[in-house]
Amino acid sequence: MTLFKIFISAFLIDNVILMRFLALCPFIGMSSDEDKSVGMGLAVIFVTLLATSATWPLYHFVLKPLGLEFLQILVFILIIAALVQLVEFYLKKSAPALYASMGIYLALITTNCAILAVTFDNISKGYNFAESLVYAFGVASGFMLSLLLLAGVRNRIKTSPIPAFLKGTPILFVAASLLSMAFMGFSGLVK
Amino acid sequence: MKRFIRIFSNGLIRENPLLMLMIGLCSALAVTTATANGLGMGLSMTFVLLMSEIVISSFRKLIPESIRIPIFIIVIAAFTTIIDYVLKAYFPDLSKAMGVFIPLIVVNCIIMGRVEGFASKKPLRDAIPDALGMGLGYTWVLTGISAIRELLGNGTILNIRIMPDSYQPILFFVLSPGGFFVFSLFIAFNLWLKSRLKPLEEEQA
Chain A
1 MTLFKIFISA FLIDNVILMR FLALCPFIGM SSDEDKSVGM GLAVIFVTLL ATSATWPLYH
61 FVLKPLGLEF LQILVFILII AALVQLVEFY LKKSAPALYA SMGIYLALIT TNCAILAVTF
121 DNISKGYNFA ESLVYAFGVA SGFMLSLLLL AGVRNRIKTS PIPAFLKGTP ILFVAASLLS
181 MAFMGFSGLV K
Chain B
1001 MKRFIRIFSN GLIRENPLLM LMIGLCSALA VTTATANGLG MGLSMTFVLL MSEIVISSFR
1061 KLIPESIRIP IFIIVIAAFT TIIDYVLKAY FPDLSKAMGV FIPLIVVNCI IMGRVEGFAS
1121 KKPLRDAIPD ALGMGLGYTW VLTGISAIRE LLGNGTILNI RIMPDSYQPI LFFVLSPGGF
1181 FVFSLFIAFN LWLKSRLKPL EEEQA
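Listed in order, the protein sequences are those of chains A and B. Numbering follows this note's numbering, with no gaps: position 86 of the first sequence is 86. Add 1000 to the 1-based position in the second sequence for this note's numbering, that's all there is to it.
It should be emphasised that the hints constitute simulated quantities derived from the structure, not laboratory data. Built from N, CA and C at the ideal position, the CB exists for glycine as well. Check each hint, because a few of them may be wrong.
If you want the footprint, here are the derived chain A segments under chain B, 3+ residues with CB under 8 Å [what the hints assert, rightly or not]:
{"id": "1", "segment": "65–79"}
{"id": "2", "segment": "118–132"}
{"id": "3", "segment": "159–170"}
{"id": "4", "segment": "175–186"}
So that you can see chain A by itself, here it is in the shape it has in the complex (with noise of 0.2 Å):
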């Protein structure tokens, strides 16, 4: 039950785009069309899960034995980079149809700062080892949620009649205000 509360509030109530205002380059860049948003959001989860499988056992069984808590920034952004990289290379060499149509997102991930704010999430609140795994996965899929989302708008904005002041990206930043407002209708659902 605490697992589904901790997926569900990850998911909806505390979305990480549109109500923590994570992963935002990536939520304008890549969500352009469905399928690119689909792409993105595959990638998103499965290194978001990598990641957390490979920070948390590191944090607690490495780095807080040894007191050695305020590398925690420096460390987890190279296992992560590390990680992406090597993901690359073996999708490269044994799935090149995965690889080429998941490649060039997983590229883009290493700085994307919801995989980032996960691991530390983990850490400061003090989730066991599953629990970070369902959180993680949680907040993957909520991204990847908010992304399909406002690809939908967009298409409808193309041929929509829009105030001429807004035009291009900020129209963009109006739509995702709307979307926000509607997620908060969330807030409440997990007491």
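Given chain A, put chain B in place with the hints provided.
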């Protein structure tokens, strides 16, 4: 000196990292619920950017091309850790309000972009004005957004009451939808400003 000013002013409006280049958005929207937070975040970010550009620009001839990205990340992460601990020690309230966004300076695309695209190729005397310009360009937008959001959402600026007591705060602005909305107006304003400045510059040239 002229060169210094030209590079410095680039970051303020023409190539403003937030409004024109659209990078480093996350922290800009998340922490700007109060003016103090926006100012604090902007200055922390300027510090990390300045120090990283100084270090990388000074060592640019020694850094091997093939492993430059990991080296950049280590340098940036080191300064981010420093500012994180300094804020925790001297400004615990501010540090708490900004939360995870201080450690996240390390993945802020502005820093990585400037370091990779500018500091790693240019001498120190160009890198310093660039870092200051970009940093302050980021800071003024952050301060502006947070001042508007705090004024309308809470009736105060820097915790000093501005609006009359009868003013009913509009909660919308301090919640997340307000962040997106105010930011969209900022971009629109900057686009307008740029379109007005363009003929002026052409006239001078």
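- prompt: Against the structure shown, which of the earlier numbered hints fail to hold, in ascending order?
  reply: none
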